[in-house]
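Participant: Spelled out from the first residue to the last, the chains are:
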Amino acid sequence: MTEQRPLLEVTDLVKHYAVRGGVLRRQVGTVHAVDGVSFTLGAGETLGLVGESGCGKSTVARTVLRLVEPTSGAIKLDGEDIAPLSKTALRPYRRSIQIVFQDPFASLNPRMTAGDIVGEPLTVHSIATGAKKQERVAELFQQVGLRPDQMKNFPHQFSGGQRQRICIARALSLGPRLIVCDEPVSALDVSIQAQVINLLIDLQRKQNFSYLFIAHDLAVVAHISHRVAVMYLGRIVEIADKHELFANPRHPYTQALLASVPIADPKAKRAAPLIDGDVPSPINPPSGCAFHTRCRYAIDRCKTERPALQAAGPAHQVACWLNDGTGRSE
Amino acid sequence: MSEAIPAETVLDVKNLQTVFFTNSGLFRAVDDVSFSVRRGETLAIVGESGCGKSVSALSIMRLVPDPPGRIVGGSVTLEGTDLLKLDDAAMRSIRGNRISMIFQEPMTSLNPVMRIGDQIIEAVRLHQKVSSKEAWKQAVDMLRLVRIPEPERRAQEYPHQLSGGMRQRAMIAMALACRPALLIADEPTTALDVTIQAQILALIVDLQQRLGTGLILITHDLGVVAQTAQRVIVMYAGKKIEEATVESLFETPLHPYTRGLMASIPAVPSPDAKEDVRLVEIPGMVPSLTRLPPGCAFAPRCKLAVDRCRQEYPPLDEVKSNHWAACWRAGEIAEAS
Numbered sequence: 005m006t007e008q009r010p011l012l013e014v015t016d017l018v019k020h021y022a023v024r025g026g027v028l029r030r031q032v033g034t035v036h037a038v039d040g041v042s043f044t045l046g047a048g049e050t051l052g053l054v055g056e057s058g059c060g061k062s063t064v065a066r067t068v069l070r071l072v073e074p075t076s077g078a079i080k081l082d083g084e085d086i087a088p089l090s091k092t093a094l095r096p097y098r099r100s101i102q103i104v105f106q107d108p109f110a111s112l113n114p115r116m117t118a119g120d121i122v123g124e125p126l127t128v129h130s131i132a133t134g135a136k137k138q139e140r141v142a143e144l145f146q147q148v149g150l151r152p153d154q155m156k157n158f159p160h161q162f163s164g165g166q167r168q169r170i171c172i173a174r175a176l177s178l179g180p181r182l183i184v185c186d187e188p189v190s191a192l193d194v195s196i197q198a199q200v201i202n203l204l205i206d207l208q209r210k211q212n213f214s215y216l217f218i219a220h221d222l223a224v225v226a227h228i229s230h231r232v233a234v235m236y237l238g239r240i241v242e243i244a245d246k247h248e249l250f251a252n253p254r255h256p257y258t259q260a261l262l263a264s265v266p267i268a269d270p271k272a273k274r275a276a277p278l279i280d281g282d283v284p285s286p287i288n289p290p291s292g293c294a295f296h297t298r299c300r301y302a303i304d305r306c307k308t309e310r311p312a313l314q315a316a317g318p319a320h321q322v323a324c325w326l327n328d329g330t331g332r333s334e
Numbered sequence: 005m006s007e008a009i010p011a012e013t014v015l016d017v018k019n020l021q022t023v024f025f026t027n028s029g030l031f032r033a034v035d036d037v038s039f040s041v042r043r044g045e046t047l048a049i050v051g052e053s054g055c056g057k058s059v060s061a062l063s064i065m066r067l068v069p070d071p072p073g074r075i076v077g078g079s080v081t082l083e084g085t086d087l088l089k090l091d092d093a094a095m096r097s098i099r100g101n102r103i104s105m106i107f108q109e110p111m112t113s114l115n116p117v118m119r120i121g122d123q124i125i126e127a128v129r130l131h132q133k134v135s136s137k138e139a140w141k142q143a144v145d146m147l148r149l150v151r152i153p154e155p156e157r158r159a160q161e162y163p164h165q166l167s168g169g170m171r172q173r174a175m176i177a178m179a180l181a182c183r184p185a186l187l188i189a190d191e192p193t194t195a196l197d198v199t200i201q202a203q204i205l206a207l208i209v210d211l212q213q214r215l216g217t218g219l220i221l222i223t224h225d226l227g228v229v230a231q232t233a234q235r236v237i238v239m240y241a242g243k244k245i246e247e248a249t250v251e252s253l254f255e256t257p258l259h260p261y262t263r264g265l266m267a268s269i270p271a272v273p274s275p276d277a278k279e280d281v282r283l284v285e286i287p288g289m290v291p292s293l294t295r296l297p298p299g300c301a302f303a304p305r306c307k308l309a310v311d312r313c314r315q316e317y318p319p320l321d322e323v324k325s326n327h328w329a330a331c332w333r334a335g336e337i338a339e340a341s
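Heads up: the sequence lines are chains A and B, in that order.
Quick note on the numbering used here: the first sequence kicks off at 5 and runs consecutively.
Quick note on the numbering used here: the second sequence kicks off at 5 and runs consecutively.
Worth flagging that the hints you see were computed from the coordinates, not collected in a lab.
Ideal Cβ placement from N, Cα and C applies to all residues, glycine included.
Each hint can be trusted.
Label-pair distances were calculated between CB atoms; the ranges are:
| hint | chain 1 | residue 1 | chain 2 | residue 2 | range |
| --- | --- | --- | --- | --- | --- |
| 1 | B | S97 | A | N157 | 46 to 54 Å |
| 2 | A | D107 | B | R314 | 28 to 36 Å |
| 3 | A | V23 | B | N115 | 24 to 32 Å |
| 4 | A | E143 | B | M95 | 57 to 65 Å |
My request is simple: use the sequences and hints to build the entire structure.
Facilitator: Shown next, in the form of structure tokens:
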């Protein structure tokens with residue numbers, strides 16, 4: 005029974021922001037940043053979250069950490085709903101979920117040594133102090149491929165890749181069950197990206213925690229994830245096992261997204277862009293299926309009724325009215 | 005190559021050297037780099053941050069901030085004129101007219117308090133004797149050319165009213181307004197989403213071929229290179245280390261750095277691949293330009309490095325036909341692959 009339960013279960017997560025205007029700062033609109041997102045994440049599993057800017061992927065990540073308060077919905081960690089918990093009640097759960105941010109230049113305190121940065125969570129949660137803490141920090145440094153003698157250095161003395169290793173060590177310090185990675189390699193040089201991706205994969209194999217991995221680079225997400233969820237305007241439009249998703253994308257948006265990725269092979273013919281225009285504003289998003297304004301298969305029903313995620317095969321769900329099981333892809 | 009068909013050559017850069025004088029010493033941001041671009045051709049310059057690709061572009065535009073930077077050697081010949089010998093006034097008549105540039109972040113390179121149309125007019129009227137009415141018409145035509153819907157209305161709008169993709173289209177319209185011979189695009193799609201990137205790249209290539217513009221595309225994304233360029237140069241620590249046609253480069257990369265870059269990028273999984281391959285890492289990091297090792301700058305990170313690599317800088321040799329590499333072991337690599 006407990007074996008079956010996923011580590012993280014997010015149900016109908018909603019995050020709306022009020023848009024205020026006029027001299028009285030009255031609410032004039034609502035940003036539908038996350039609009040009913042549900043997914044599960046198993047222990048030791050990596051779920052990739054992809055989508056374009058403004059699709060809500062970062063908001064989902066931050067809401068799971070309760071860095072952003074959800075408007076509604078449930079976030080179950082090991083079966084316990086952490087969404088309604090007070091700050092104090094939430095504290096023990098904070099240890100279980102950690103985050104690695106995109107910009108390792110902005111997410112490290114420049115006035116603290118690397119050792120203090122990595123050791124701070126141990127102090128905050130009263131886990132270790134003094135020599136014991138130093139020992140644990142040294143061990144963490146080694147785990148992420150840094151030398152313990154670099155503990156006394158300040159962030160500016162490290163390169164971008166090394167700083168991201170410090171961020172990873174800090175995330176690991178409390179022995180989390182889930183690490184949220186929000187574009188962890190986007191700010192790094194190409195030759196450094198591979199080092200960090202390999203490190204993340206190795207750490208997971210050894211320690212069996214889960215990743216919620218967010219990136220706009222589909223190839224990076226595909227490489228590290230077991231399953232991938234595609235988001236569009238605050239909703240998940242397709243979620244599947246990664247091989248299944250890339251081999252057999254069912255949602256027209258997923259198809260367009262995959263076709264847009266430039267392939268590093270000059271012999272691969274560039275396909276004409278499958279979609280035109282920009283993502284509509286999440287303030288007053290389109291009715292029905294939010295993608296219908298750019299979808300070349302859209303029918304009348306798409307404009308009025310919102311499709312729910314439905315099974316489209318084993319470990320494959322898609323939210324599209326045209327997914328009627330006829331295997332339509334082109 | 006440029007000697008073979010000189011009439012077609014738009015830009016010929018020879019032995020360009022740009023240095024920066026800083027508190028921690030002098031560093032050679034661009035060190036003896038040569039390349040040429042033909043009419044209607046796309047040359048990609050690939051490399052990681054600090055490799056000198058953007059400084060090369062700024063050197064061509066004569067926009068290197070001085071101080072601390074200075075172009076200390078070489079020539080930049082655009083349509084027969086050496087730009088490095090021109091005075092500032094003559095250079096101004098070339099910039100935005102014969103050479104244009106598109107930058108990475110369209111929001112910071114557009115003037116936020118000027119209407120889009122006026123910004124295009126500014127470029128046009130600086131270089132052409134046309135009435136403001138005629139220039140406005142040209143601006144609207146340019147916006148139509150870059151496929152901005154309702155160009156008449158958009159020309160009246162300010163940059164913040166446009167989406168990221170629209171702004172980059174407006175930048176392209178401005179850059180191409182005077183029908184330049186050469187367009188330099190410095191990471192033009194890096195700040196954009198992947199579906200918008202596909203649209204913008206398709207647009208740049210289409211316009212460049214229709215107008216016969218030479219294009220220098222600066223990028224770190226090998227996927228963009230493969231899909232867009234005809235020829236590629238790879239830079240590392242200020243030097244050109246490899247040059248080839250795009251087909252030859254992707255088929256048989258000859259420099260270990262290029263090979264490492266290609267192996268380190270994850271690929272979108274193909275339907276038949278069920279097992280994940282571990283990414284190949286290039287160990288270490290890009291060296292600081294103020295503390296370059298003697299010999300080949302890549303040697304400390306190179307698995308194939310031998311003693312000679314650490315002592316002597318390898319010459320850029322034509323290892324295969326139309327494929328140059330600066331590596332002592334490029335010959336062996338070519339034979340093995």
